[in-house]
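Engineer: Input sequences plus hints: build the corresponding full structure.
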Amino acid sequence: MLKYWPVLLVVAALLPLASSSQFLVNLAMLTAFSALLGQGWNIACGFGGLTSFGHAVFFGIGAYAVAIMQTRFGINPWFGLPAAAVLGAAAGAVLGAAAFRAGLRGSYFALVTLAFAEVFRILANSLEITKGGLGILIPLHPALANFQFDDRREAYALVLAVLAVAMGVAAWLRRSRFGARLVAVRENEDAAAALGIPLVRTKTQALALSGAVTATAGVLYAQMFLYVDPSIAFGADRSVEMLLVAMIGGAGTVWGPVLGAIVLHLIQDTARLLIDTPGFAPMLYGAILLVIIAFMPNGIAGLRLPALRRNRVRDA
Amino acid sequence: MLEVRSLAKRFGGLRAVKDVSLDVPAGSITALIGPNGAGKTTTFAMIAGFTVPDSGAVRFAGTEITRWRPDRIAALGMVRTFQITQPFAGLTVAENIRVGAFLRHHDVTEATARARAVGTRLGLGPMLDRPAAALTVAGRKRLEVARALATEPRLLLLDEVMAGLNPSEVNEIVALIRQVRDGGVTILLIEHIMQAVAALAETAHVLAEGALIASGTPRQSAADPAVVEAYLGHGAAARMARHE
Ligand SMILES: Nc1ncnc2c1ncn2[C@@H]1O[C@H](COP(=O)(O)OP(=O)(O)OP(=O)(O)O)[C@@H](O)[C@H]1O
Ligand SMILES: [Mg+2]
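Chains P and D, in that order, give the protein sequences.
Quick note: to get our numbering, add 686 to the position in the first sequence (first position is 1).
Quick note: to get our numbering, add 5 to the position in the second sequence (first position is 1).
Certain hints may be false.
[Unchecked claim] Label-pair ranges, simulated between beta-carbon atoms: (1) D:Asn41 to P:Leu975: 41 to 49 Å; (2) D:Ala118 to P:Gly792: 19 to 27 Å; (3) P:Val805 to D:Asp187: 54 to 62 Å; (4) P:Phe765 to D:Glu69: 46 to 54 Å; (5) P:Gly965 to D:Thr141: 26 to 34 Å.
Note that these hints are calculated values from the structure, not bench results.
We put the beta carbon where it would ideally sit given N, CA and C, even for glycine.
Structural biologist: Spelled out as structure tokens, the structure:
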């Protein structure tokens, strides 16, 4: 039975689509959305070992791009989506080319990404095109053609579909030449270079791919909540949530972010019932991160779940 | 195949490599020997693009490759191994070797098959699906060679791949290196085990304190008084001559 847990998980994910409970659908949607964010981070950082602490930058670029395109230029968000993904990829490519060419790694890279996201938050706060600290309100016109959803279940179905694509990307990384070489770079840069792997190019491509997926998540966010402001888009807690989801579940695995999102939401919502003070969430995130780093560096996936173990040994 | 001209490298006040020039003819097995800290690994690192030389030039297969990045040099067909082994610890042995195979084979199935074949040839067959972290010292040395061979190089730089092996393992790897050369791969190796150098190399260059002090057949090099002094200290050659 335990062997088929991914199947059970998929069935469980589909159940809310048939439910009329707003609460259940919302819960499932937010969890799936977290899993998507975690997978966006995981693509570059789990597989490639890039320690990004500023992935919100890609999320924010996606959210702002689609919001600005439709409110300023009247571009339909369905067209805005691919454009935002391309922008996310471009941001990843630029950040990667600059940081990796300069030889930044580990905590230096983490600091630079953190600063990068912070710069974007400050820009969004002060520029006219982003409407500064007020943020951008997307006018309500619920219709599928407008990428707005009357029924939460439609939104949830879309999040699931994009999550499936993101997991497809991760599965491709596990099986492809590019993915294997990316993992090699994560495991040992000198050895990877000696075997002919271009380090800067490989890491930059991974960051661009990750940027595209994460920006797409930003688009979904903007269209679900119809509002973006600088701290929603570029806030550090968003970056931390992404890496936490991936690390709890198991970085560098296909299912890790899904498991991580479920566990994080369980912990978060239970904790919120018990303690409801502002500033509690960041503290909780910090505590969870410490526990993971100290006691389960490979996340839940490191706990020898049968399907994950099998993937680990045979492919990748 | 390889022409090294006047390579030099300083680490702070230490002149690790002073002025090294040597040639590795195509199809040969050439050895670079010398006492600990002589600058052998540093020379390798400069040849393979890992350390930028202060001065000097490297030509490989007719191409000037000085200051090229290691991955470009590997793509051109020169691959080094590491004296301090550098396995991809989180991957299996076969996956480690496959990373090398991916340089020339873009198809995953093909690269996997190549990697397993190379691993088996190097005696890693039973370990292929085990994590690389589970290998012994000897196993890790073999893995270094296997990964490099899987890239199908024209020139292989081996940095002390026999250190820490027992005599029968040394014999195996000597036979294997000869076999690789007979397959058309030129070899430059750093080695402390003189018996292996004598068995393999046509030419041995001796490096001491960053400078080449002798070149010739391994037997000639080993008998050179300057080499004896470098290994055993000042006056050693004279003392040995007196005892004979
Ligand atoms: N990155 C570095 N920074 C500073 N000093 C270094 C560095 N790499 C090597 N050295 C020094 O340069 C000298 C030559 O080192 P190298 O590793 O090239 O010697 P080697 O001939 O390979 O010796 P061994 O036989 O012990 O492997 C040594 O004194 C070493 O301590
Ligand atoms: Mg050395």
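Engineer: If a hint holds in the structure, say so; if it doesn't, say that too.
Structural biologist: Hint by hint, here is what the structure shows:
1. D:Asn41 to P:Leu975: 41 to 49 Å: holds (44 Å)
2. D:Ala118 to P:Gly792: 19 to 27 Å: violated (36 Å)
3. P:Val805 to D:Asp187: 54 to 62 Å: 59 Å Cβ-Cβ, so the 54 to 62 Å window holds.
4. P:Phe765 to D:Glu69: 46 to 54 Å: holds (50 Å)
5. P:Gly965 to D:Thr141: 26 to 34 Å: Violated - the Cβ-Cβ distance for Gly965 of chain P and Thr141 of chain D, about 52 Å, lies outside 26 to 34 Å.
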